[in-house]
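Please model the complete structure; the sequences and the hints are all you need to start from.
As given, the protein sequences belong to chains G and V, one line each in that order. Be aware that the first sequence starts at 5, since it is given in our numbering, and climbs by one per residue. Be aware that the second sequence starts at 246, since it is given in our numbering, and climbs by one per residue.
Some hints here could point you the wrong way.
Said to hold, decoys possible - Below are the BS3-like pairs computed for lysine-lysine, each with C-alpha atoms no more than 25 Å apart in a straight line: (1) K248(V) with K314(G); (2) K66(G) with K80(G); (3) K282(V) with K318(G); (4) K382(V) with K318(G); (5) K80(G) with K70(G); (6) K105(G) with K10(G); (7) K382(V) with K330(V); (8) K150(G) with K80(G); (9) K366(V) with K283(V); (10) K252(V) with K383(V); (11) K314(G) with K283(V); (12) K248(V) with K318(G); (13) K298(V) with K330(V); (14) K366(V) with K282(V); (15) K314(G) with K252(V); (16) K10(G) with K116(G); (17) K150(G) with K70(G); (18) K383(V) with K366(V).
Claimed, not checked - The calculated label-pair distances, taken between Cβ atoms and stated as ranges, are: (19) L288(G) with E277(V): 33 to 39 Å; (20) D121(G) with E277(V): 51 to 57 Å; (21) G351(V) with D310(G): 55 to 61 Å; (22) V52(G) with N376(V): 32 to 38 Å.
These are computed hints drawn from the structure, not numbers from a lab. We put the CB at the ideal spot given by N, CA and C, even for glycine.
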Amino acid sequence: MEIGLKILVPLIEISVVLGIVLFHVAYITYFERKILSHMQDRLGPMEVGPHGLLQPIADGLKLFFKEDIIPAGADKIIFSIAPIIVLVPALIGFAVIPFAKESITIFGLTFKPFITDINIGILYIFAFASIGAYGVILGGWASNSKYALLGGLRAGAQMVSYELALGLSIIGVLLLSQSLSMVQIVEAQNRIWFVLLQPVAFVIYVICAVAETNRLPFDMPEAESELVAGFFTEYSGMRFSFFFLAEYANMILVSCIAAILFLGGWHAPFKFLEFIPPTIWFILKVYFILFFFIWIRGTLPRVRYDQLMKFGWKVMIPLSLANIIVTSIVLYIVRG
Amino acid sequence: MIKKVFKNILFLEIVDGLSLTFKHMFVRAVTEQYPRKKRVLPDTYRGILSLQKYDDGTERCVGCALCEAACPSMAITVVSGEDEKFPQRRFSREYYIDITRCVFCGFCVDACPVDALAMTKVYEFSSYDKNDLLLNKKSLLSLGDTIAKGGGMTPVERKYKFPMEGETNKIESKKEEALILC
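Below, the structure is given as structure tokens:
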């Protein structure tokens, strides 16, 4: 009985978190299309359901029934595995994202507001996120197509170089919170959000997160006007939708991390606003950052490849290193 | 120099762009929800051609074939005929418009001396069969009836479609009838 419960509770938690994440992944595509269209004075999806609300379901069904084509010259095994290598790390990161403060008790079972709280949470996420780059490169290589190969190479180079700056930008936060656990990082922001203490790190994080998720203005790997669709040019049906899901799951994941590391996770911005449940605050913050990503996409043109690399290596990484040094010195003086 | 550095640090140019796109989120979309909501067409809209009747139901066309001569894309074919009893009363025995060749210039309407040809506001006449687009006299006359079905014509539209005389035609058609009969 004891062991049964120990297995059952995490299973329920995992399925609930996975379900919520996949639901939001589906609907973030809808919000993206709607917001982008309204920014361009269009209406966006309007046909399926009221104001096109059922569009993600229709899209999913369509992709599900599409033929699964594997090109003749492709490396079949790697070609099939690559989408999974991309999607799994994107979803697995949500295991350590805390959504709220208190546990809930239903039918005598206690559910934590996160699947697990390991003491190296943020490291775990970044370790898995970098595996996603392998899927992209392998997928591009295995397709045996020049567009896919170029897209994969660009993606590999971009993800590796921006991951450095991304990882370095959060070190300031880790210095302040003195922990790698997501829950403890949020609790350390009880009095003041880290975005106020680490504004430079926040800016670097957001820019690198946009680059890391391969979105405009850094969508070099996809670059539909240059490379057809980049590394997933040859993919179709469910395999294509795996890449697509992974992109949006990654977007939500980096937004969740931004909300936790910089915007105080589930904390309300002011004391008098604490009557709103912590989960709502968390979701609001995540959606604010997601909206910002879409907003950026609707505003900026794509940068050139050499500009992207120059920006990453010559601006972002030195800046984040400088941020670490300044933060360490200040903390050393303050804390003695 | 300092100003430039300051501008770059605060991403002022990007903030400019962001504010523009944000403002446009609240601008009314220009999209028309076409099949459900249709645009109000101007009175002078040049849609598919039609043959008109007098208000008493007699055909206006006298088979003069001036429209055929005016047509730049040679879309119109008129076969003229005459009444055996009243040789003065000429009419079109057959009347064809190949609407696939029509360029909707409206020259035929201008050429018509009796306002028999008019352009309707109908623009949804696509078909799976090209033969449907070769309009004969019957389909042209029924297209003419769509104007009456659509709530008649506004004064401006009427003036545009019947520039020669408009209302007086009904009386003249009667007069003509009387002249021939006596």
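Where does the structure disagree with the numbered hints, that is, which hint numbers, in rising order?
-> 3, 4, 10, 11
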